[in-house]
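Asks: Sequence:
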Amino acid sequence: MASQIPASFIPRNILVIKLRHHGDMLLTTPVINALRQRYPNAAIDVLLYQETRPMLQAHPAIRKLHLIDRNWKKQGVWHQAKQELKLVNAIRDSHYDVVINLADQWRSALITRLSGAPVRIGFAYNKRNNRFWHYCHNHLVSTQNFSQLHTVEQNLLALSPLDIATDGVPVSMYYADEEWLAAQRQLHEQGVNGPYIVIQPTSRWTFKCWEDEKVAALIDQLNQPGLHIVLTAAPDRKEMAMIAHILSLCQNPQVTTIAGQLSLTQLAALIDHARLFIGVDSAPMHMAAALQTPCVALFGPTKLQQWRPWGANNRVIWAGDYGSLPTPDSIDTKTEQRYLSAIPVEDVVAAARSYLDA
Numbered sequence: 001m002a003s004q005i006p007a008s009f010i011p012r013n014i015l016v017i018k019l020r021h022h023g024d025m026l027l028t029t030p031v032i033n034a035l036r037q038r039y040p041n042a043a044i045d046v047l048l049y050q051e052t053r054p055m056l057q058a059h060p061a062i063r064k065l066h067l068i069d070r071n072w073k074k075q076g077v078w079h080q081a082k083q084e085l086k087l088v089n090a091i092r093d094s095h096y097d098v099v100i101n102l103a104d105q106w107r108s109a110l111i112t113r114l115s116g117a118p119v120r121i122g123f124a125y126n127k128r129n130n131r132f133w134h135y136c137h138n139h140l141v142s143t144q145n146f147s148q149l150h151t152v153e154q155n156l157l158a159l160s161p162l163d164i165a166t167d168g169v170p171v172s173m174y175y176a177d178e179e180w181l182a183a184q185r186q187l188h189e190q191g192v193n194g195p196y197i198v199i200q201p202t203s204r205w206t207f208k209c210w211e212d213e214k215v216a217a218l219i220d221q222l223n224q225p226g227l228h229i230v231l232t233a234a235p236d237r238k239e240m241a242m243i244a245h246i247l248s249l250c251q252n253p254q255v256t257t258i259a260g261q262l263s264l265t266q267l268a269a270l271i272d273h274a275r276l277f278i279g280v281d282s283a284p285m286h287m288a289a290a291l292q293t294p295c296v297a298l299f300g301p302t303k304l305q306q307w308r309p310w311g312a313n314n315r316v317i318w319a320g321d322y323g324s325l326p327t328p329d330s331i332d333t334k335t336e337q338r339y340l341s342a343i344p345v346e347d348v349v350a351a352a353r354s355y356l357d358a
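If you're matching positions, the sequence shown starts at 1 in the numbering used here and goes up one per residue.
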């Protein structure tokens, strides 16, 4: 169990470490928001992978982002060693009073130790129950109840040694004004000048997706005067092919696509101004929840308790309510099977209309 840090301890410089995917980074923002609320004069920095930078780069509570480029290793051992040393030196030169390691990698633990921070908080993962992990952290928080908690709640537990209030702390997503202007230009080029819905049916993992035919049927049934439907996706070959196939099946004349044409922050701006977001378990779904855009999220065999959209302005439709699903840990992530197939179109349409007609 983590020992308590005296209430009189007021850090000046704080580092939060999380080395995961885009959606994971967004779900660290409650930690950042709670730290800002408790320590309004502290400098808060984050260490993350370079490709996930857009999720946090506009956050007003963050002073600096330390970046790890996963391409370093492709440029040779010496280049990687040089960059890693440069990173550690930058962290040591920042003189952190507190490092909060939300990651479970050995790399993050070693950086935590090398930071020189007097307070080094991490999680007591069962798989990391060894001398090295304990050596790198001097406050370890139990993970015993992780399976019952949302990822946001898991992350917030790391603040327990600091006795920071975490009730009602939101997930948040920020973007610059020019990102919305860029998204608007894309919309206008496609003839979208009024209210619109954003639908992102794609994921980098096919098993998280609904059938193209059902997405097309949803689009057609949501056809109503003056309401555009905008399809989005990552600029990935498979995702772009999926969008093209869906469009070929649609009869709704008010559907268009700007898939693959937006940066993540431009996509955030697009979602923020939408009347509704419909999507699968993905980073854009978490972005919609963070931006408090009404959200209909379709889930299959993923850990729903941990990854459902955080907040009140959303509706989850789980394939497990319509048929049996394999356990999440048994899924071959490379499979082409779409486990959301049991979800009926009419239920998604009804959920969407419940927001549109409100």
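I should point out that these hints are in silico values taken from the structure, not numbers from a laboratory. There could be a bad hint or two in this list.
Said to hold, decoys possible - In silico DSSO-like links for lysine-lysine, alpha-carbon gap of 30 Å or less:
#: 1; residue 1: Lys74; residue 2: Lys86
#: 2; residue 1: Lys334; residue 2: Lys127
#: 3; residue 1: Lys334; residue 2: Lys303
As the list claims (entries may be wrong) - What follows is a set of in silico ranges between Cβ atoms, one per label pair, in the way DEER data are often shown:
#: 4; residue 1: Leu65; residue 2: Gln337; range: 43 to 51 Å
#: 5; residue 1: Asn126; residue 2: Asp167; range: 38 to 46 Å
#: 6; residue 1: Ser248; residue 2: Gln337; range: 21 to 29 Å
#: 7; residue 1: Asp357; residue 2: Trp205; range: 28 to 36 Å
We put the beta carbon where it would ideally sit given N, CA and C, even for glycine.
Asks: Given the hint of 28 to 36 Å, check if Asp357 and Trp205 actually sit that far apart at their C-beta atoms.
Replies: holds, 33 Å
Asks: Does Lys74 pair with Lys86 here, judged by a C-alpha cut-off of 30 Å?
Replies: Holds. Lys74 to Lys86 sits at ~17 Å (cutoff 30 Å).
Asks: Honestly, do Ser248 and Gln337 meet the 21 to 29 Å range at C-beta?
Replies: Because 22 Å falls inside the window, the suggested range holds.
Asks: A range of 38 to 46 Å was offered for this pair. Does it hold for the Cβ distance of Asn126 and Asp167?
Replies: violated, 28 Å
Asks: With a cut-off of 30 Å on the C-alpha distance, tell me whether Lys334 and Lys303 pass.
Replies: Measuring from Cα to Cα gives roughly 17 Å; hence the hint holds.
Asks: Does Lys127 sit within 30 Å of Lys334, going by the straight-line distance between their CA atoms?
Replies: Holds, at about 25 Å.
Asks: At the C-beta level, are Leu65 and Gln337 separated by a distance inside 43 to 51 Å?
Replies: violated, 37 Å
Of the numbered hints given earlier, the model fails hints 4 and 5; all others are met.
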